[in-house]
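Next come the chains, spelled out residue by residue.
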Amino acid sequence: DAMVIQNPRYQVTQFGKPVTLSCSQTLNHNVMYWYQQKSSQAPKLLFHYYDKDFNNEADTPDNFQSRRPNTSFCFLDIRSPGLGDAAMYLCATMGRGISSYNEQFFGPGTRLTVL
Amino acid sequence: AQTVTQSQPEMSVQEAETVTLSCTYDTSESDYYLFWYKQPPSRQMILVIRQEAYKQQNATENRFSVNFQKAAKSFSLKISDSQLGDAAMYFCAYRSARETSGSRLTFGEGTQLTVNP
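So the sequence lines, in the order shown, correspond to chains Y and L. First residue of the first sequence? That's 30 in this note's numbering, and the numbers climb one at a time after it. First residue of the second sequence? That's 1486 in this note's numbering, and the numbers climb one at a time after it.
No wet-lab data here; the hints were simulated from the structure. From a predicted model like this one, the values you see are computed outputs, not experimental measurements. The beta carbon of each residue, even a glycine, is placed where N, CA and C say it ideally should be. There may be inaccurate statements among the hints.
As the list claims (entries may be wrong) - Simulated coverage check for chain L against chain Y, where a stretch passes if three residues somewhere in it have a Cβ under 8 Å from a Cβ of chain Y:
1. 1557-1563
2. 1590-1601
To be verified - DMTMM-like cross-link-like pairs, simulated, lysine to aspartate or glutamate; straight-line CA separation at most 25 Å:
3. Lys67/Y x Asp1516/L
4. Lys67/Y x Glu1500/L
5. Lys1555/L x Asp1511/L
6. Lys1540/L x Glu132/Y
What the hints assert, rightly or not - Some residues of chain Y that are not near chain L, with every Cβ distance over 12 Å (derived):
7. Thr42
8. Asn84
9. Asn92
10. Arg97
11. Thr100
12. Gly113
13. Leu119
14. Asn131
15. Gln133
16. Pro137
17. Thr142
Starting from the given sequences, assemble the full structure and let the hints guide the process.
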């Protein structure tokens, strides 16, 4: 089945130790998103790629970076995780056409713990 | 900027009964899309139902239907014949149809639905 895959599902890192979360998709969607979701809150968009074009949200900290080497893969890099970065990180994709009816497809998320 | 408000942090319903989740939004745009997403305890977000703003007819997907009131900027979700598997956090979301919007979703705060057997 076509899907959005996130690895790992659970990630533990130490305060200040860089960490990378990965997302892959078999949907061949051109738009990919990274969201941060804290407990019982709505997802908060960090950034997204439209093809290779990177779009950062104005309030996304510099500590968060992203890479998209090809259509299928997208990475979230947290350069120096702080305790406040502990959260669920959701990857989502959307098919071609911003002005379309298309839905976003979400991955299962990676739960990040910062010790 | 658009905002989405879900005024019911928690709701509960008896199995087989009907429940309505409320959502209001604020926008100056005339063309947009509205969505209800469900996030079960396993945390994978899935789409429940969607509505295009220019369509007057309310969307329906099996036991799920919406009451879309464009003038009132209201988009409620009705779940009929509630099942235990409907228990989840439900998010209402807005997306602009404008190309320059970046296709980002604006989410409401969520409503935690409990289904009692």
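Evaluation of the provided hints:
Check result for the segment 1557-1563 of chain L against chain Y: violated, 0 residues qualifying (beta carbon to beta carbon below 8 Å, three or more required). Look at the segment 1590-1601 of chain L against chain Y: 6 of its residues bring a Cβ nearer than 8 Å to a Cβ of that chain, three or more, so the hint holds. Under the criterion of a C-alpha separation no larger than 25 Å, the hint pairing lysine 67/Y with aspartate 1516/L is inconsistent with the structure, at around 30 Å. With a C-alpha separation of about 29 Å, the suggested pair lysine 67/Y and glutamate 1500/L falls outside the 25 Å cut-off, and the hint is violated.
Restraint check for lysine 1555/L and aspartate 1511/L: satisfied, since their Cα atoms lie roughly 10 Å apart, inside the 25 Å limit. With a C-alpha separation of about 17 Å, the suggested pair lysine 1540/L and glutamate 132/Y falls inside the 25 Å cut-off, and the hint holds. Threonine 42/Y, annotated as away from the interface, keeps every beta carbon of chain L farther than 12 Å; the closest lies near 19 Å. For asparagine 84/Y, the shortest C-beta to C-beta distance to chain L comes to about 5 Å, within the 12 Å cut-off, and the non-interface label is violated.
With a minimum CB-CB distance of about 20 Å to chain L, asparagine 92/Y clears the 12 Å threshold, and the non-interface call stands. Distance to chain L confirms arginine 97/Y as a non-interface residue, since its nearest Cβ pair spans about 15 Å, more than 12 Å. Separation of threonine 100/Y from chain L is adequate, the least Cβ-Cβ distance of about 16 Å exceeding the 12 Å criterion. The Cβ of glycine 113/Y lies farther than 12 Å from every Cβ of chain L, with a closest approach of about 20 Å, so its non-interface assignment holds.
For leucine 119/Y, the condition that its CB be more than 12 Å from all CB atoms of chain L is violated, with the nearest at approximately 7 Å. Some Cβ of chain L comes within 12 Å of the Cβ of asparagine 131/Y; the nearest lies about 8 Å off, and the non-interface call is violated. At roughly 6 Å from the closest C-beta of chain L, the C-beta of glutamine 133/Y falls inside 12 Å, breaking its exclusion from the interface. Some Cβ of chain L comes within 12 Å of the Cβ of proline 137/Y; the nearest lies about 5 Å off, and the non-interface call is violated.
Listed as outside the interface, threonine 142/Y is consistent with that label: its C-beta sits roughly 15 Å from the nearest C-beta of chain L, beyond the 12 Å cut-off.
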